[in-house]
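**Student:** Put together the whole structure using the sequences plus the hints.
In numbering that gives the first Met the number 0, the protein residues as written are 0 to 165.
Do not take every clue at face value.
[Said to hold, decoys possible] List of simulated lysine-lysine pairs, DSS-like, C-alpha gap at most 27 Å:
no., residue 1, residue 2
1, Lys94, Lys139
2, Lys160, Lys94
3, Lys123, Lys95
4, Lys32, Lys48
5, Lys95, Lys59
6, Lys139, Lys123
[Claimed, not checked] Across the chosen pairs, the derived CB separations fall in these ranges:
no., residue 1, residue 2, range
7, Tyr29, Arg115, 28 to 36 Å
8, Ile46, Lys160, 43 to 51 Å
9, Leu16, His146, 43 to 51 Å
In case anyone wonders, no lab produced these hints; they're calculated from the structure.
Where a beta carbon is used, it is the ideal one built from N, C-alpha and C, also for glycine.
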Amino acid sequence: MLPDSIWTFIFGTLAVLSFAFIVFGSYEMYKSKKRCRTFLYQLNSIIDKAEVSVCRINAKRIAIAPEYEDESDLYIIELGENEVLHLWDAQYNLKKKFPCLDFDIYGEEFSMLTGRQIYPLSGKVEPLQISSRAKWNFMKEHEIAEHLEIEKVSFDALLEKYTSCA
Numbered sequence: 000m001l002p003d004s005i006w007t008f009i010f011g012t013l014a015v016l017s018f019a020f021i022v023f024g025s026y027e028m029y030k031s032k033k034r035c036r037t038f039l040y041q042l043n044s045i046i047d048k049a050e051v052s053v054c055r056i057n058a059k060r061i062a063i064a065p066e067y068e069d070e071s072d073l074y075i076i077e078l079g080e081n082e083v084l085h086l087w088d089a090q091y092n093l094k095k096k097f098p099c100l101d102f103d104i105y106g107e108e109f110s111m112l113t114g115r116q117i118y119p120l121s122g123k124v125e126p127l128q129i130s131s132r133a134k135w136n137f138m139k140e141h142e143i144a145e146h147l148e149i150e151k152v153s154f155d156a157l158l159e160k161y162t163s164c165a
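**Tutor:** Here is the structure:
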């Protein structure tokens, strides 16, 4: 027969583990339900408004600067004369049908729910290439544009700045 101290140890350990499982399990369920409620609230607010903010882009040319370290891919899009849009692919979900010349950009609220900010409207095109090292060096020397920032600069002049940093 085993001494009482062994049984106390075994049942005490089981009690502690069971308590931890019950407490942390219920807490995780609470967090999951709260996350689902927040998601449903946001979804219902979009449905109630019955509109999604969309910006249609008709680009002339596109250049891509691939990821070098951990900064993600950068798409530089020529919108018009001396107007350039910077688009960062931080979620790495644009590779299939993007880059293209015609696309929609959804508002932040909708894109957070769906996980998609860009919707291609035309066929995929081959972008101009900027070396990843040139982008990395450019980022060290100059202030880089934010995601979806429009800059008043010539597309060719901006590409020349990037390639000069290689």
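**Student:** Each hint should be assessed against the structure and marked as holding or not.
**Tutor:** Hints versus structure:
Restraint check: the Cα-Cα separation between Lys94 and Lys139 comes to about 26 Å, which is no more than 27 Å; the hinted pair holds. Among the hinted pairs, Lys160 with Lys94 is consistent with the structure: their alpha-carbon atoms are about 25 Å apart, no more than 27 Å. Taken as a hint, the Lys123 and Lys95 pair is honoured in the structure, with Cα atoms around 8 Å apart against an allowance of 27 Å. Annotation: proposed proximity of Lys32 to Lys48 holds, straight-line Cα distance about 24 Å (limit 27 Å).
For the proposed pair Lys95 and Lys59, the alpha carbon gap of about 20 Å is at most 27 Å, so the pair holds. Taking the CA atoms of Lys139 and Lys123, the gap is about 31 Å. The hint is violated against a cut of 27 Å. Distance hint check: the CB atoms of Tyr29 and Arg115 are about 29 Å apart, consistent with the given range 28 to 36 Å. For Ile46 and Lys160, the hinted distance range of 43 to 51 Å is satisfied, since their beta carbons lie about 45 Å from each other.
Take Leu16 and His146: their Cβ atoms lie about 46 Å apart, and the range 43 to 51 Å holds.
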